[in-house]
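Visitor: These protein sequence lines map, in sequence, to chains A and B.
Sequential numbering of the first sequence, starting at 1, is according to our numbering.
Sequential numbering of the second sequence, starting at 356, is according to our numbering.
Keep in mind the hints are simulated off the structure, nothing from the lab.
Yeah, the Cβ is synthetic: ideal placement off N, Cα and C, and Gly gets one too.
A hint or two may mislead.
[To be verified] Which chain B residues stay away from chain A? Per the calculated CB distances, all over 10 Å, these:
#, residue
1, S409
2, T481
3, K561
4, L626
5, Q660
[Unchecked claim] What the simulated footprint calls covered on chain B by chain A, stretch by stretch (three residues with Cβ under 8 Å from a Cβ of chain A suffice, anywhere in the stretch; the number is not a length):
#, stretch
6, 442-452
7, 564-573
Chain by chain, the residues:
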Amino acid sequence: MTRTVGAVKAGPAAAAPAAVRKPQVRYGASTVVAVAALALVAVGIGWSVAIGPTHLGIGTIVRSVLVGGDSTDAAIVHGIRLPRVILAALVGASCAVAGVIMQAVTANSLGAPEILGVNAGAAFVAVASLTFATGLSSVSLVPLAMIGAAICGILVMVTAGLGRGRTDPVRIVLAGVTLTTVIFSVMQAMIILVDPSTSSLFHWLVGGVNVGTWSDSRTILPWTVIGLVGAMAIAGKLNILGLGEDLARGLGIRVGQVRVLGSVLVIILAGASVAVAGPITFVGLVVPHIVRKLVGINHYVLIPLCALVGADMLIYADIASRYINPPSEVPSGVVTAFIGAPFFIYLARRQKGDQ
Amino acid sequence: MKATGTTHTRAAIASLIVAVSAAACSSSGGGGATTAGAAKGGHDGGVATGVTMSALQKQVDLSQCGKSTRAVKHDLGVTTISGTPKRVVALEFSFADAAANAGIMPIGIADDNKTSKVTALMAGITHYTSVGLRSAPNLASISALKPDLIIADTTRDAKIYSQLKSIAPTISEKSVGVGYDDTLATDLAISVALGRCDQMKAALAKHIAAMGSIAKDIPAGEHKTFVYADIVPPNFNAHSADQWEPQILATLGLRSVLPPKPGSRFVAMTLESLYTANPDVMFLGIDGPEKTLVDQWKTSPVWKQISAVKNNAVYFVPDALWSSERGLKTSEVVLRQALDHVTKSGK
């Protein structure tokens with residue numbers, strides 16, 4: 001089997017086409033991870049809703065979450081704190097699933113929308129749109145962000161030569177990093193030239209969910225569902241693709257088609273996330289690796305668990321953002337960057353060790 | 356083709372640097388900015404310390420006034436200046452206003468490429484050459500003007516001070532994040548460099564008298580709480596008590612809901628933290644007619660519970676006038692506008 005350097009490791013029993021088995025499902029580990037992730041989501045939602053400048057009793061919070069009400073306290077819980085954490089869960093899930101798909105279709109463990117220029121492209125088009133047409137809603141921004149994500153994703157793939165035979169994964173990462181750097185430089189120039197004394201466009205350099213509203217959650221929800229359902233629909237093909245391109249072709253998988261489908265799903269998930277929360281970093285990179293380590297490489301299990309763990313990561317990053325420098329809040333995208341950076345270095349060094 | 360592990364690691368580290376740099380740039384530009392705006396003397400959020408000429412003259416080293424060749428101390432060192440500079444470039448609006456009030460019209464101003472920011476309130480400045488952004492002044496444009504004095508902003512221009520010095524004698528004072536009283540002290544310090552101490556003292560005395568005259572119309576016993584914030588979507592950047600606008604507003608007897616916070620220009624508030632602070636009056640600086648964060652907050656029942664909203668005491672004010680200029684005449688206009696708003700609310 002031809003093994004691409006930096007590729008996501010193939011599962012066991014991948015020695016010969018005749019003896020191909022589906023990637024093993026570790027049912028026990030998967031169940032434990034699923035239950036733990038769900039529990040952490042529940043705890044995270046409770047914790048996020050419980051903290052804030054206005055002191056609210058537990059009873060008030062529980063009643064407001066479950067029943068609602070007309071009081072100001074209920075409005076704080078239901079109208080300010082709850083939409084924020086729900087948005088964090090949806091965006092985190094979308095970013096993580098986009099990451100796991102991207103790593104599968106590029107056969108690159110460093111594949112993630114924030115590394116390969118997809119998030120940067122989405123953010124750039126969002127910034128450009130808002131510069132020339134202020135007041136655009138997040139609903140209007142979603143298709144625009146997706147267009148930006150698509151253009152940059154295609155540029156990176158073309159630059160890296162994806163689709164023309166085997167592609168060097170390092171080349172993909174370098175192309176993505178280069179394009180991301182160029183785009184962020186252009187965005188910073190726009191910020192300086194168009195809006196030098198204000199920070200309105202800084203949100204598009206690093207994302208956050210601190211002003212998340214129910215409208216934002218309603219905007220991203222259908223796209224998250226489409227992305228998740230679509231990812232599960234191609235999960236089997238992603239499993240086979242993980243065994244190697246040649247083997248996948250030998251088994252009748254249309255590799256090009258799977259890559260296109262996967263890329264479309266990444267664009268949908270990344271574009272929608274960036275439109276409502278800006279470019280959140282490292283969730284798409286880190287979460288698939290963590291989950292893969294725990295439950296293996298079967299995408300039927302990997303995808304939904306990545307969604308849950310991705311939600312966890314952004315929920316807790318958002319909680320942490322409120323403790324770092326009160327009463328100001330650090331954007332949650334900064335927190336994910338500081339969580340993800342050490343992991344990123346560890347990953348790169350581990351791959352060097354593998355080689 | 357087989358890539359080396361070293362190359363792979365370098366690619367990983369390069370992408371890491373991109374991501375963390377973007378995060379760092381954003382966090383340094385967002386809420387909670389890092390400029391130093393230490394208030395001298397004591398301020399509590401409720402009653403403003405009265406600014407007097409004697410207090411200002413004690414704050415500033417006036418020993419070089421009247422000398423033909425002056426060794427002027429400033430934030431970044433000591434600069435020797437001879438005679439009266441005539442070709443002055445100001446890298447902040449308040450510095451341009453100071454020079455003009457001292458009788459020297461600046462020939463160059465860093466106006467963020469927006470001439471609209473230099474209004475008629477700025478002591479009659481009508482002709483000048485733009486030298487670009489305050490955050491990144493154009494050194495070539497400054498050099499082309501052949502200035503004999505450059506007045507730089509310590510917070511923004513410290514990194515290019517040596518280049519500025521090579522163009523012309525340069526002094527550096529703080530403007531960003533500085534309170535009202537410190538702004539007046541800086542004006543006096545600039546007049547020492549200009550060799551126009553007496554003119555500036557006269558202008559400041561006239562200004563202090565004008566502020567006192569406006570303050571006479573303040574109703575007795577005024578003690579409402581207030582917040583002043585720049586509305587910069589998606590942020591609500593409230594200014595702490597030691598910043599310029601809150602100090603002006605404290606002259607009216609109003610009390611800031613935020614305490615002094617030296618080292619930080621503003622606090623990014625959420626709707627909930629604003630509700631908790633519950634100001635009686637809000638002054639919100641906006642840049643134009645575009646929708647802001649407040650338009651989104653207005654739909655929330657929490658917004659309607661804030662005292663200022665219930666009292667119909669939410670006032671949208673022009674950000675350029677209230678935040679950017681910080682000149683002598685501008686201060687008088689801002690105080691008068693604030694007084695008109697507060698007395699109109701009539702409570």
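Visitor: All hints are to be evaluated individually against the structure, with a verdict given for each.
Guide: These are the hints, each one checked on the structure:
| no. | hint | verdict |
| --- | --- | --- |
| 1 | S409 | holds, 34 Å |
| 2 | T481 | holds, 23 Å |
| 3 | K561 | holds, 29 Å |
| 4 | L626 | violated, 6 Å |
| 5 | Q660 | violated, 5 Å |
| 6 | 442-452 | violated (count 0) |
| 7 | 564-573 | violated (count 0) |
In this structure, the earlier hints numbered 4, 5, 6, 7 are contradicted, and the remaining ones agree with it.
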